[in-house]
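Kindly produce the complete structure, drawing on both the sequences and the hints.
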Amino acid sequence: MTNSIGEIPGADVLFVIGANPTEAHPIIGIKIKQAVRNGATLIVADPRKIWLTKIAKIHLPIRPGTDLALINGMANVILSEGLANEEFIKSRTEGLEEYAGVVAQWPPERAAELCDVSAEDIRGAAREYARANRGAIFYTLGITEHTCGTDNVLGLANLALLTGHVGKESSGVNPLRGQNNVQGACDVGALPDVFPGYQKVAVEENRRKFEEAWKVKLSDAPGMTLTDMFEAALEGHLRAMYVIGEDPVMSEAHAGLIREALSRLGFLVVQDIFLSETAKLADVVLPASCFAEKDGTFTNTERRVQRVRKAVEPPGEAREDWRILIEVINRLGYPADYSSPEQIWDELARLSPILAGINYGRIEQVGLQWPCPNTDHPGTRFLHAERFSRGLGKFTAVEYSPPAEPPDAEYPWLLTTGRTLYHYNAGTMTRRVSGIAAKSPDCFVEINPADLEKIGAADGRMLRVTTRRGSVEARALATRKVRRGGIWMPFHFAEAPANDLTLDAYDSVTRTAEYKVCAARVEVVEP
Amino acid sequence: MSNTVTLLINGEQIGVAGGTTILQAARLLDIDIPTLCHDDELEDRAQCRLCVVEIDGRPRLEPACATQVAEGMTVSTDSETTLAARRMTLELLLSEHPQSCPTRARGGECNLCDYADDYGIRAPAFGYGSETEDIRENSFISRNAAACILCSKCARACEQVQGVGELGFMGRGIGVTARPAVGKTLEQTECEMCGNCVVVCPTGALRATGPPGRADAKVRTTCGYCGVGCQFDLNVRAGRVVGVTTEPDNPVNGKWLCVKGRFGYEFIHHPERLTAPLIRRGDRLEPASWDEALGAVASRLAEIKAANGPDAIGFMSSSRCTNEENYLVQKLARAVIGTNNVDQCART
Ligand code: SF4
Ligand code: SF4
Ligand code: FES
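Here the protein sequences come in this chain order: L and G. For the first sequence, my numbering gives the first residue as 56, with consecutive numbering after it. For the second sequence, my numbering gives the first residue as 510, with consecutive numbering after it.
A hint or two may mislead.
[As the list claims (entries may be wrong)] In silico lysine-lysine, DSS-like type, Cα no more than 30 Å apart, as pairs:
#1 L:Lys365 - G:Lys727
#2 L:Lys270 - L:Lys109
#3 G:Lys814 - L:Lys270
#4 L:Lys272 - G:Lys814
Simulated from the structure, these hints should not be mistaken for laboratory data.
Set out below in structure tokens:
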């Protein structure tokens with residue numbers, strides 16, 4: 056997030072697109088509700104009638120995958136009605152001209168037709184957002200999990216640049232990070248192209264710095280993304296994988312292919328707390344610890360580094376992940392003699408300028424937000440206050456591109472997947488909490504009641520959802536939340552693995568799969 | 510609003526911004542005023558009247574939580590009249606509260622009973638109320654109607670914070686209590702099991718289901734589910750996590766949580782947890798010693814590196830793991846194996 060969670064109630068216009076915070080980030084949902092109670096205007100763009108639409112001034116139930124058409128349509132209104140922030144554009148940005156050229160092609164009527172919403176609502180949303188004093192955008196996977204995910208994100212950044220709603224308290228563009236420490240994992244270098252602190256491996260100076268610190272020669276070739284690793288495994292170039300605390304067989308798109316890729320490896324290690332679907336395929340499984348069993352830090356979606364503290368011992372012979380990793384490193388002949396997570400933190404902070412000022416002593420009570428370059432620095436509540444990381448903010452002319460697999464005669468339904476309030480990702484943890492399992496015991500397919508009637512089934516009937524990649528059975532849940540012609544499924548349930556269905560078409564930059572749109576067939580399962 | 514107002518509280522002078530309540534001003538002076546229905550994050554309804562104070566020139570005692578300061582005001586928070594009024598308030602509340610407090614009986618905290626102790630009330634003038642059975646509202650929340658003092662905090666938290674609004678004053682006459690619609694338990698409503706009503710309940714009328722008794726230790730930590738990073742205290746007893754509680758003192762979530770953070774801890778001690786390393790022997794994964802398992806990992810990785818080069822090995826790190834652990838994974842990949850093939854499930 057460019058802003059902080061605590062700044063949300065201070066915004067006066069909130070634009071939530073492709074995010075369902077009341078379920079996926081409930082406390083952020085609470086803050087958004089609070090902003091609306093304080094009188095803020097809420098605009099929601101989401102194909103489904105998510106909870107927040109109840110308190111939204113404008114709901115744009117766009118056709119899945121048409122986000123960028125909507126965004127460019129809004130930009131068109133802002134420019135053509137003279138609502139842009141001229142001063143901000145002049146002093147802080149560049150590249151308006153080319154961008155304006157693309158946006159000129161998107162009068163709200165054209166966007167409205169593609170998105171299947173009214174042009175008046177697009178105008179209304181654009182006006183509200185542009186006229187805000189403190190306008191904040193929130194998005195998550197509904198924006199990024201498309202083949203055009205990167206373009207969608209750039210499109211939202213363009214809107215913020217156009218209106219100057221960035222670099223101020225309660226004004227900014229806020230991706231909500233999904234998993235507890237996905238922010239931190241990226242920050243400390245669990246990415247193929249950067250060392251800790253987002254220092255590019257391809258830059259010689261960075262390599263020298265880490266070579267000196269780690270006393271080894273380092274590779275200058277950026278590594279493979281997960282998507283590429285699975286492809287390389289299928290082709291036989293990748294021979295071994297070490298998977299920690301993740302269940303790609305459940306969580307990655309086109310799961311059947313992932314299973315195949317893993318089975319072709321010469322060696323698979325899985326380190327986890329349960330025997331996950333992926334662990335079942337492993338050659339060695341290492342029993343690890345959950346958050347309550349270890350010390351360390353997590354970094355939340357607002358870049359706040361916070362302490363994790365050990366409350367109980369891991370069960371049986373299970374061990375803390377950091378201890379396991381130290382053992383593996385040592386056995387491979389590299390000396391690692393950390394006696395505590397704090398020592399590891401100190402090393403990584405010393406090597407990462409954005410984290411350099413953070414230490415366990417300073418975050419004993421309250422976490423600190425990076426960038427925090429030195430120990431006198433108070434941390435950073437919102438980003439881009441004076442300048443952008445690259446200097447001027449750059450408008451990027453991004454064009455709408457349609458989803459990779461639109462519905463057709465053979466697969467006429469549009470399938471979207473996502474999260475629910477009660478479960479978390481692959482469900483390995485939440486489905487082992489009896490009260491939660493009782494509340495939300497099984498998988499379901501949300502479908503519009505009119506559509507359900509059309510296919511001649513009653514609420515609760517088992518449906519078979521089939522895509523070009525696989526087939527899954529789940530109970531019908533009739534709800535007006537979903538648009539006609541669309542169906543929606545959560546991906547938490549191993550016995551109805553929605554990712555057997557999803558499409559392995561990827562964004563060219565992030566290599567994120569198009570989890571949000573694919574074509575499907577729906578049949579009633581005969582009892 | 511920002512003009513400064515000067516007033517006297519118990520003889521001490523203080524200047525505060527206009528719009529401040531007497532309760533807030535008194536707290537700035539470290540003067541403690543008892544409250545039952547006030548919560549800093551909820552709109553005040555001034556229902557319990559336990560916080561009453563005496564203000565010079567006003568005919569009646571006024572609730573400190575809902576009365577704004579005024580220039581030149583002289584307030585007394587501990588005059589005989591106020592103390593007597595509070596005692597009366599407590600005795601009236603106790604007349605509908607069972608003598609053997611169901612919350613205290615379980616080792617929990619009841620603010621009403623605590624205040625009764627503070628005010629030295631041993632034999633309340635109107636006696637005690639009768640006991641009632643706990644009602645299980647859903648898997649996580651129980652309710653004891655007798656302990657409810659009608660402060661409406663739960664209903665306000667549900668409505669104003671959670672935006673759900675499934676709790677209210679229901680029933681008739683003496684039977685009125687804060688609860689879901691008559692004839693329903695929370696299970697049958699839109700309740701989202703956040704437990705935020707439980708947090709604000711001053712008497713434990715609403716409480717988390719689960720074993721009675723106090724925690725041996727409370728360990729402040731960060732939620733392991735979503736990216737919000739809520740802060741909470743794991744309540745530990747005899748080496749097991751038995752509950753989650755929150756304090757208002759953090760900038761992320763304050764005392765609020767969602768169902769996963771507040772009640773999603775049972776998996777920690779689940780019998781299906783992996784408790785020993787496993788090694789594949791043919792079709793089966795069989796238990797092995799750490800030495801054997803780690804030995805196999807190291808030797809196989811070394812072999813593959815020697816035969817196919819470091820880039821034939823890939824690491825999938827975890828957003829479930831700590832920063833320190835993720836750092837070690839990428840260091841293992843880069844410095845030990847010699848590849849940049851490290852990534853994680855960064856689905857935003
Ligand atoms: S648990 Fe949450 S949603 Fe349910 S009644 Fe309490 S406050 Fe309302
Ligand atoms: S308590 Fe809920 S909102 Fe808070 S971090 Fe945990 S999962 Fe997220
Ligand atoms: S706390 Fe002020 S009236 Fe209840």
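Consistency of the hints with the structure:
1. L:Lys365 - G:Lys727: Given pair L:Lys365, G:Lys727 holds - Cα atoms ~11 Å apart, limit 30 Å.
2. L:Lys270 - L:Lys109: Violated, at about 57 Å.
3. G:Lys814 - L:Lys270: holds (19 Å)
4. L:Lys272 - G:Lys814: Holds, at roughly 15 Å.
Hint 2 from the earlier list is the only one contradicted by this structure; the remaining hints agree with it.
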